[in-house]
Every structure is written in C-alpha cells, then in structure tokens.
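Trainee: Position 33, counted from 1, in the sequence shown is what the UniProt record's numbering calls 33; the numbers after and before it change by one each time, with no gaps.
The hints are simulated quantities; they were obtained by calculation from the structure and are not laboratory data. No experiment lies behind these values; they were computed from the predicted model shown. Check before you lean on any hint, since a few could be wrong.
Stated by the list, open to error - Derived DEER-like restraints, expressed as beta-carbon distance ranges:
id: 1; residue 1: Ile40; residue 2: Lys11; range: 29 to 37 Å
id: 2; residue 1: Met23; residue 2: Ser43; range: 42 to 50 Å
id: 3; residue 1: Ala25; residue 2: Thr46; range: 28 to 36 Å
id: 4; residue 1: Ile49; residue 2: Thr24; range: 35 to 43 Å
id: 5; residue 1: Lys39; residue 2: Glu13; range: 43 to 51 Å
Glycine included, C-beta positions come from ideal geometry on N, C-alpha and C.
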Amino acid sequence: MCCQMRTDNPKAEPSERATVPTMTADATTLLVMPSMMMKIRQSDATTAIMTSYRVPSWMSL
Numbered sequence: 001m002c003c004q005m006r007t008d009n010p011k012a013e014p015s016e017r018a019t020v021p022t023m024t025a026d027a028t029t030l031l032v033m034p035s036m037m038m039k040i041r042q043s044d045a046t047t048a049i050m051t052s053y054r055v056p057s058w059m060s061l
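Start from the sequences and build out the full structure, keeping to the hints where you can.
Mentor: Rendered as structure tokens:
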C-alpha cells in the first residue's frame, strides 16, 4: 500500500505507514450527528415561533 509522499522531501520514497489520518464514514456520521440534531431542533423551534406570530391566535379575536 503506497501512502502520501513526504512534503518536505517530495522525491523521497513513499512511506508504507499512513501519514494522513483518515476517518470512516461511520465515524464522521457519529461525530456530526449531535451537531445536526441541535441545529434541526433550533430550526424547528424558530419556525414554530415565527408561525405563531403570523397566525393570529383564537384569543386575539
């Protein structure tokens, strides 16, 4: 398995050990999911508040 060559010496032989850490798709999903859920909840709350301002309530009639 050939990995990325060193940037300080581009003509050097490729290294067999991984020089760039990688993440799997599952790891990325687990890392991003909590942030996405918080943004979705905030978006839902904002939409509900804005809707309540646009639609007159039955008490205001």
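Trainee: Take the hints in turn and mark each one as holding or not.
Mentor: A quick look at each hint next to the structure:
1. Against the hinted window of 29 to 37 Å, the Cβ-Cβ separation of Ile40 and Lys11 comes to about 49 Å, which falls outside the hint.
2. At roughly 26 Å, the beta carbons of Met23 and Ser43 sit outside the given window of 42 to 50 Å.
3. At about 30 Å, the beta-carbon gap between Ala25 and Thr46 stays in the expected band of 28 to 36 Å.
4. At about 38 Å, the CB distance of Ile49 to Thr24 agrees with the hint of 35 to 43 Å.
5. Range check, Lys39 to Glu13: Cβ separation about 45 Å, and the 43 to 51 Å hint holds.
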